[in-house]
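**Student:** Here is how the chains run, residue by residue.
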Amino acid sequence: MFEFTGRLKTLSIVLILIGAVSVGLSFFAGSSSHSDDGHAEHTEHAAHGEEHGHGEDNHHGGHVPDADEYSYHKTASRAIPENNHKYQGEGHHDEEHAHHQMENKPWANLLVNNFFFLAISLGALFFLAVQYAAQAGWTVVILRVLEAMSQFLWLPMLILLLIVLAGVGHFGGNHIWHWMAEGIMDPESANYDSIIAGKQAYLNGPFFIIRTLVYFIGWVGAAMLLRKLSKKNDMTGVDYAKNWVKTRNLSAGFLVFFAVTSSTSAWDFIMSIDTHWFSTLFGWYVFAGMFVSALTVLMLIVLYLKSKGYLEQVNKSHIQDMAKFMFAFSIFWTYLWFSQYMLIWYSNIPEEVTYYMIRFREYKGLFITMLAMNFLFPVLVLMSRDSKRNFGFILVAGITMIIGHWLDVYIMIYPGSVGVNWSIGLINIGTFLGFAGLFIFVVFRSLAKAPLMPENHPMYIESKYHHI
Amino acid sequence: MATESTKIVNALFDDDDVLLSGVKQVREKGYHVQEVYSPFPIHGLDKAMGLKETRIAIAAFLYGALGLTTAISMTYGMLIVDWPMNIGGKPSFTWAENMPAFVPIMFELTVFFAAHLMVWTFFFRNGIYPGCKAQNPDPRTTDDKFLMEVSATADDNQDELIATLKTAGAIEVSVNDN
Chain A
1 MFEFTGRLKT LSIVLILIGA VSVGLSFFAG SSSHSDDGHA EHTEHAAHGE
51 EHGHGEDNHH GGHVPDADEY SYHKTASRAI PENNHKYQGE GHHDEEHAHH
101 QMENKPWANL LVNNFFFLAI SLGALFFLAV QYAAQAGWTV VILRVLEAMS
151 QFLWLPMLIL LLIVLAGVGH FGGNHIWHWM AEGIMDPESA NYDSIIAGKQ
201 AYLNGPFFII RTLVYFIGWV GAAMLLRKLS KKNDMTGVDY AKNWVKTRNL
251 SAGFLVFFAV TSSTSAWDFI MSIDTHWFST LFGWYVFAGM FVSALTVLML
301 IVLYLKSKGY LEQVNKSHIQ DMAKFMFAFS IFWTYLWFSQ YMLIWYSNIP
351 EEVTYYMIRF REYKGLFITM LAMNFLFPVL VLMSRDSKRN FGFILVAGIT
401 MIIGHWLDVY IMIYPGSVGV NWSIGLINIG TFLGFAGLFI FVVFRSLAKA
451 PLMPENHPMY IESKYHHI
Chain B
1 MATESTKIVN ALFDDDDVLL SGVKQVREKG YHVQEVYSPF PIHGLDKAMG
51 LKETRIAIAA FLYGALGLTT AISMTYGMLI VDWPMNIGGK PSFTWAENMP
101 AFVPIMFELT VFFAAHLMVW TFFFRNGIYP GCKAQNPDPR TTDDKFLMEV
151 SATADDNQDE LIATLKTAGA IEVSVNDN
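As given, the protein sequences belong to chains A and B, one line each in that order.
Numbers 1 to 468, taken from this note's numbering, label the letters of the first sequence in order.
Numbers 1 to 178, taken from this note's numbering, label the letters of the second sequence in order.
Just to be clear, a hint being listed does not mean it is correct.
What the hints assert, rightly or not - Cut-off 35 Å, straight-line C-alpha distance, at most; resulting in silico cross-link-like pairs (DSBU-like, lysine-lysine):
(1) Lys464/A <-> Lys29/B
(2) Lys316/A <-> Lys47/B
(3) Lys90/B <-> Lys316/A
(4) Lys464/A <-> Lys24/B
(5) Lys324/A <-> Lys24/B
(6) Lys232/A <-> Lys306/A
(7) Lys90/B <-> Lys364/A
(8) Lys449/A <-> Lys232/A
(9) Lys199/A <-> Lys90/B
(10) Lys90/B <-> Lys133/B
(11) Lys242/A <-> Lys231/A
Because the hints were derived from the structure by calculation, they are not lab data.
Keep in mind that this is a model prediction, so the values were computed, not measured.
One chain only, chain A, in its complex shape:
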């Protein structure tokens, strides 16, 4: 039995406090100074844009590029001539946008960190279900770690639900999801956007909340049921083979549900931030990042437990196989990232390419760094067999990939919600640490609640003698 006490527990509580302070500060700073800040930033950018406009003889005529420029929001909708008369209060509209973007900062920060840790937990749940559905034997010695990781799921889901409710209810300056803006689907309003209004059947408040609840129930329910069935292995007088079949059926059912909801949830929580833009493989791209983060965190937890003398049944062959997964799915992530990027870059259609324009112009450094961390690092560091068995190499690659995929989530969420006013500072790091603390606290506490080895699992022996 693993015991969750001492330094790790203290560390997790300290981290949670740091996180709470950071989130509190971000909202406090946002609400006290946003009016000054927003205007300062906005005018600065407007001035910058004016210079730009004159230099390039920009085709908007007298129009001044601003924070809103990249969203392709007004111009796209203006391509439909019969709507042109509806855009009059333009200056006011722009100013409001910059103001919203400043107000969005604490929410976007919360969403990035929340989604990142949600993804880790959800990826672990997916991997756990795959082990049963695929009747895999070699992973039995690490199943309890996966189960513990999936037990964290309810917490970020709950926070996500609160963020969604705040967005739909226009509470606390949450304008992350642009399609929730007031009047945007109302033809009589100055805010009207015909393209966004066309998506009303799917993107509307009540349906959004219902979908979030469906994900919540489906995912968290599956995580809890899988854990419950697995705990039966610790009891006596249970038909373990029959229990395994039950677990397998549940896992297969969950995977079907997950196949649909992993895509739709990615559209909902992330893709709908850039409401005009869409990409058909976005769901898989988000899933790939989710899965590779989960595999990396799984590896880090296993290495930690091994260094403390637990999990002695996990041998070098298990470690190498898990490292292979990290390596393979880093390439899979890159493959999907590039498939999405290249088609958009190649066809160069305005309503698609704006998504990458803001990322290349305003987030270039982060964007390139993120790609190097998520692709070059795992490929070069984890390629050889020996490095997949060396804890030092795995640790270096793993930590780089964690930071890289956090940046990936950041770059998916920030440009559409905060725009050019982005920054990465102590607040972001503090919030990350806070979620890490919550994660450590919940995961290691549930690790301590059951033996680390499900010794009555029908395939336990196979896993124990796993050798490649």
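Could you slot chain B onto chain A? The hints should help.
**Tutor:** For chain B alone, coordinates are given in the frame of chain A:
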């Protein structure tokens, strides 16, 4: 000292597990297992025989690097220098700016070179390239039998070796000149 030449002792087995433990027993007694012929790969046999770790991974990396280099020079030569291409309405005519369009070619040629050259390297190193003469001493090793070749110098006690092989489960043992 009648002969200085080494003899090859061939031992035929009809089960891969028996063969694997036989290889371990023979090596424990200090004999040198020269080669094993089997109709299929046997898990753990390379370690039991004491073979050095394969270097095919290093070869694969070098072939992949060669493929990548070929793709880069090819796209540069053909589409930038020799016949400049207007790619996706972005006529930059520089390799770096058009790079995304070349990534599929770079990827494919890296995989192509690594995979094909690795297969040929494997064939030649193992002496199973097309047209080469079959080296297995007994054709039954292509069906359901396993054969272990043990080299025995004149100093070795051949009778003891044969007895060891028999107790290890060999169904036939024969001694051949090298």
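**Student:** Give a verdict on every hint.
**Tutor:** Each hint, compared with the structure:
no., hint, in the structure
1, Lys464/A <-> Lys29/B, "holds (31 Å)"
2, Lys316/A <-> Lys47/B, "holds (16 Å)"
3, Lys90/B <-> Lys316/A, "violated (50 Å)"
4, Lys464/A <-> Lys24/B, "holds (23 Å)"
5, Lys324/A <-> Lys24/B, "holds (30 Å)"
6, Lys232/A <-> Lys306/A, "holds (25 Å)"
7, Lys90/B <-> Lys364/A, "holds (20 Å)"
8, Lys449/A <-> Lys232/A, "holds (13 Å)"
9, Lys199/A <-> Lys90/B, "holds (32 Å)"
10, Lys90/B <-> Lys133/B, "violated (56 Å)"
11, Lys242/A <-> Lys231/A, "holds (14 Å)"
Figure legend: structure checked against the earlier numbered hints; hints not met, in rising order: 3 and 10.
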